[in-house]
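So the protein sequences, as listed, match chains A and B.
All residue numbers for the first sequence refer to my numbering, where the first residue is 1 and numbers rise by one.
All residue numbers for the second sequence refer to my numbering, where the first residue is 1001 and numbers rise by one.
Calculated directly from the structure, the hints in this document are not laboratory data.
Ideal placement from N, C-alpha and C gives every residue a C-beta, glycine not left out.
Among these hints, one or two may not hold up.
Said to hold, decoys possible - Calculated lysine-lysine pairs in the BS3-like style (CA-CA distance at most 30 Å, straight line):
no., chain 1, residue 1, chain 2, residue 2
1, B, 1004, B, 1052
2, B, 1052, A, 136
3, B, 1052, A, 164
4, A, 136, B, 1004
Stated by the list, open to error - Here are the computed distance ranges between Cβ atoms for each label pair:
no., chain 1, residue 1, chain 2, residue 2, range
5, B, 1050, A, 101, 17 to 25 Å
6, B, 1071, A, 4, 30 to 38 Å
7, B, 1042, A, 140, 18 to 26 Å
To be verified - Residues from chain A that keep clear of chain B, each with C-beta distances beyond 10 Å, as calculated:
no., residue
8, 22
9, 39
10, 142
11, 162
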Amino acid sequence: MSVSLQREAFDVGKEIAALAAGRHEIGAVASFVGLVRDINAAGGAGKAAVGEANQVSAMTLEHYPGMTEHALEEIVAEARQRWELLAVRVIHRFGRLLPGEAIVLVIVAGAHRGEAFAACEFIMDYLKTQAPFWKKEEGADATATARWVDARESDETAAQRWEKKA
Amino acid sequence: MTIKLLYFASLREALGLSGEEMTLPAAVCDVAALKIHLAARGAAWQALTQAKNLRAAVNQRMAGSDAAISDGDEVAFFPPVTGG
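Could you put together the complete structure from these sequences and hints?
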């Protein structure tokens, strides 16, 4: 069970311990945790003062039951083809999440850090552009309509880095 | 032939529909033709041919406009993904 889709929160420490338990050939574990932020990056965060319009009070993740699991499994299989990996775990949550909550967890174990770091980043970059999830954000004003998050070109660029040269 | 159609996220909301079964004329045999067929239903449906970057999946795999459609297939349309 290397891939899970769930509403519930996950415990990073427990997941790493479970993945590495009794596997003493593992020398490196790299992990990535994605969190819900309280601002919308599309609003120019980091460039201008954060206005109320950019505030995010909650987010709801929609997915495509069936396809999402398959897509994540294929991304993990692709990573395993590219690097010598000893274990991989991906957990992605769906449903309504609040700022500060963890959305996604990727754990990659290998003999050495190089493949673990690279595969962890690869899995996240592909997940961002290939796995069918969609975020809808609620603003600070509870009466305002929630808005769908636009896909970011920087995510496409990040995924393209990994494309194999012909 | 009859197929299952699914719509997600902003497209689902714009159409007011998450999915349906549909019987297609024989001429509608790929994703591009299906989009044109659906767009003829009315204003909201024109998003299928006009929206930039609309994605499609056939039998739960990402598919291009030239992907073939067969009887019993599951075809989904959705905006670019924003997970992670």
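Cross-check of the supplied hints:
1. 1004(B) / 1052(B): holds (23 Å)
2. 1052(B) / 136(A): Measuring from Cα to Cα gives roughly 19 Å; hence the hint holds.
3. 1052(B) / 164(A): Holds, because 26 Å separates the two Cα atoms, which is no more than 30 Å.
4. 136(A) / 1004(B): holds (25 Å)
5. 1050(B) / 101(A): 17 to 25 Å: violated (36 Å)
6. 1071(B) / 4(A): 30 to 38 Å: Once the Cβ atoms are compared, 33 Å apart, the range 30 to 38 Å for residue 4(A) and residue 1071(B) holds.
7. 1042(B) / 140(A): 18 to 26 Å: Once the Cβ atoms are compared, 35 Å apart, the range 18 to 26 Å for residue 140(A) and residue 1042(B) is violated.
8. 22: holds (30 Å)
9. 39: Consistent with the label, residue 39(A) stays out of reach of chain B, its closest Cβ about 16 Å off (over 10 Å).
10. 142: Fine: 19 Å to the nearest Cβ keeps residue 142(A) off the interface.
11. 162: Given that every Cβ of chain B is farther than 10 Å from that of residue 162(A), nearest at about 15 Å, it holds.
The structure is inconsistent with the numbered hints 5 and 7, although it conforms to all the rest.
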